[in-house]
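There are 4 protein chains.
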Amino acid sequence: MKKPKSISAVARQEIRFNECDPLGIVWHGNYVKYFEEGREAFGKKYGLDYMDLYVNGYATPIVHLESFFRKTLQYKEVALIECVYRKTDAAKIIFDYTIRKESTGEIVCTGSTTQVFVANGTMQLALVTPEIFINWRKKNNL
Amino acid sequence: MKKPKSISAVARQEIRFNECDPLGIVWHGNYVKYFEEGREAFGKKYGLDYMDLYVNGYATPIVHLESFFRKTLQYKEVALIECVYRKTDAAKIIFDYTIRKESTGEIVCTGSTTQVFVANGTMQLALVTPEIFINWRKKNNL
Amino acid sequence: MKKPKSISAVARQEIRFNECDPLGIVWHGNYVKYFEEGREAFGKKYGLDYMDLYVNGYATPIVHLESFFRKTLQYKEVALIECVYRKTDAAKIIFDYTIRKESTGEIVCTGSTTQVFVANGTMQLALVTPEIFINWRKKNNL
Amino acid sequence: MKKPKSISAVARQEIRFNECDPLGIVWHGNYVKYFEEGREAFGKKYGLDYMDLYVNGYATPIVHLESFFRKTLQYKEVALIECVYRKTDAAKIIFDYTIRKESTGEIVCTGSTTQVFVANGTMQLALVTPEIFINWRKKNNL
Numbered sequence: 810m811k812k813p814k815s816i817s818a819v820a821r822q823e824i825r826f827n828e829c830d831p832l833g834i835v836w837h838g839n840y841v842k843y844f845e846e847g848r849e850a851f852g853k854k855y856g857l858d859y860m861d862l863y864v865n866g867y868a869t870p871i872v873h874l875e876s877f878f879r880k881t882l883q884y885k886e887v888a889l890i891e892c893v894y895r896k897t898d899a900a901k902i903i904f905d906y907t908i909r910k911e912s913t914g915e916i917v918c919t920g921s922t923t924q925v926f927v928a929n930g931t932m933q934l935a936l937v938t939p940e941i942f943i944n945w946r947k948k949n950n951l
Numbered sequence: 810m811k812k813p814k815s816i817s818a819v820a821r822q823e824i825r826f827n828e829c830d831p832l833g834i835v836w837h838g839n840y841v842k843y844f845e846e847g848r849e850a851f852g853k854k855y856g857l858d859y860m861d862l863y864v865n866g867y868a869t870p871i872v873h874l875e876s877f878f879r880k881t882l883q884y885k886e887v888a889l890i891e892c893v894y895r896k897t898d899a900a901k902i903i904f905d906y907t908i909r910k911e912s913t914g915e916i917v918c919t920g921s922t923t924q925v926f927v928a929n930g931t932m933q934l935a936l937v938t939p940e941i942f943i944n945w946r947k948k949n950n951l
Numbered sequence: 810m811k812k813p814k815s816i817s818a819v820a821r822q823e824i825r826f827n828e829c830d831p832l833g834i835v836w837h838g839n840y841v842k843y844f845e846e847g848r849e850a851f852g853k854k855y856g857l858d859y860m861d862l863y864v865n866g867y868a869t870p871i872v873h874l875e876s877f878f879r880k881t882l883q884y885k886e887v888a889l890i891e892c893v894y895r896k897t898d899a900a901k902i903i904f905d906y907t908i909r910k911e912s913t914g915e916i917v918c919t920g921s922t923t924q925v926f927v928a929n930g931t932m933q934l935a936l937v938t939p940e941i942f943i944n945w946r947k948k949n950n951l
Numbered sequence: 810m811k812k813p814k815s816i817s818a819v820a821r822q823e824i825r826f827n828e829c830d831p832l833g834i835v836w837h838g839n840y841v842k843y844f845e846e847g848r849e850a851f852g853k854k855y856g857l858d859y860m861d862l863y864v865n866g867y868a869t870p871i872v873h874l875e876s877f878f879r880k881t882l883q884y885k886e887v888a889l890i891e892c893v894y895r896k897t898d899a900a901k902i903i904f905d906y907t908i909r910k911e912s913t914g915e916i917v918c919t920g921s922t923t924q925v926f927v928a929n930g931t932m933q934l935a936l937v938t939p940e941i942f943i944n945w946r947k948k949n950n951l
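Respectively, the protein sequence lines represent chains A, B, C and D. Per our numbering: the first sequence ends with 951, consecutive numbering throughout. Per our numbering: the second sequence ends with 951, consecutive numbering throughout. Per our numbering: the third sequence ends with 951, consecutive numbering throughout. Per our numbering: the fourth sequence ends with 951, consecutive numbering throughout.
Worth flagging that the hints you see were computed from the coordinates, not collected in a lab. There is no bait here: all hints are sound.
Treat identical chains as interchangeable: a pair holds within one or across any two.
When the alpha-carbon atoms are kept at most 20 Å apart in a straight line, the in silico EDC-like pairs for lysine to aspartate or glutamate are as follows:
(1) Lys880 / Asp830
(2) Lys885 / Asp861
(3) Lys842 / Asp905
(4) Lys853 / Glu886
(5) Lys880 / Glu911
(6) Lys885 / Glu823
(7) Lys901 / Glu875
Just so it is clear, the structure is predicted and the values come from calculations on it, not from any experiment.
Next up, chain A with everything else stripped away, as it sits in the complex:
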């Protein structure tokens, strides 16, 4: 059986009036919310639940965020937020995002987030990947 190159999920999001700025376009900071929508869709599809990690002793804060804004989105347009798991052996969770305009397929925004594992309470960085996450990787051939 061949391993998949990557696994991904797509969230669909209609642009809200309150997400748009005086220029009539989505304020750039709101794309961080769209990335979170993508991560949620991914977590649901592949059983990656931050609460599971949390009760196992780990929080997974985002330590790096990058985004490239290429086009704009307006009120009532629909965004398709693709969230792709980036394979790595590091004690990290990295996602790449591509946000497209549903009507035309144009790429509006791309980006990535990097999460690390820290111990609940102490917030001390986990240097090795937690077993619960290693198991999740295995289950998904990653």
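Given the coordinates of chain A, assemble chains B, C and D onto it according to the supplied hints.
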């Protein structure tokens, strides 16, 4: 010594680009944040700290919110948010707000919030006013 | 033919992590966004488009908002936001909202918004209902 | 007279309750707002007004955003947001940000934004730096 009719505090808030909508004015939902700014200013001025209440076993959720929008605010204008304590013997904290445009003094928005006391954890409503809050009232002649 | 008592629409909204506060519950100000979701669902279902009104010369700002918070919602819970048109002959658009927890049907929040018609540009209040909206009312037997 | 290596401004921001997430810390997406606060403080200090650019025919959308999250901030802590102009001859405006905890001086977050010049209306990218911005650079020895 005469008791004061009410006590109040004012927060000053420059309108941010990301708070304005495609009509170029503050999106109405953002006034709830301005009310919170007013409450914070009040709490600081009169030593009413939600954390003190919290460690004494009480959360103070908002159960009612009302606002009247009369004028609009734009990016870079300055709002003066007045937060007035409304005297009551009920087990409640009620604030009235008046938001004015600094440049003209015009009233932009008025409103009120009502908070109750609930026990941390159980979220059960406190039917009598917690002693810590009774003491705070006394200290401020309320 | 009997007129319907009211017409309504329901929006479904999964609670996002970034909408919850340090108490682990939806921050009360975010319910204003949920009301907007309800209005959007209503507008889509009954062909009430603020852009149509806008190109006909009218903006429809919210002049009054009221909400009662009865229960709380947490991350990953699902809210059902019912938006009901309140019949009136006044030059106003009034909606009533009921937000329920999908899993239990419990009422979490109720509220209302009132919009008026103002002329684009001058922002002068329209004292009579615009014809385009009278037509919309007729079409929906309201 | 020696040219300064860079010019910068600092905004001071008390962390609001509604900016914190269920982990009790500022939700990472809110740092984008803090960057905007930094840019505003810079613009005010050095007379860089996006509205001036706008009336001269240019919008300045953000095309790239990057942030590194190193520490966390909690409700009531104070953030000092330093916004530094990065010198470049390209038709771009680049800012670097350093957000520190006021109480300890610790670096909480660093990042950068890149803005380009586009023609109002057409949204076509300006390949050469607009004269109004060249003049602004000269005036500030940049």
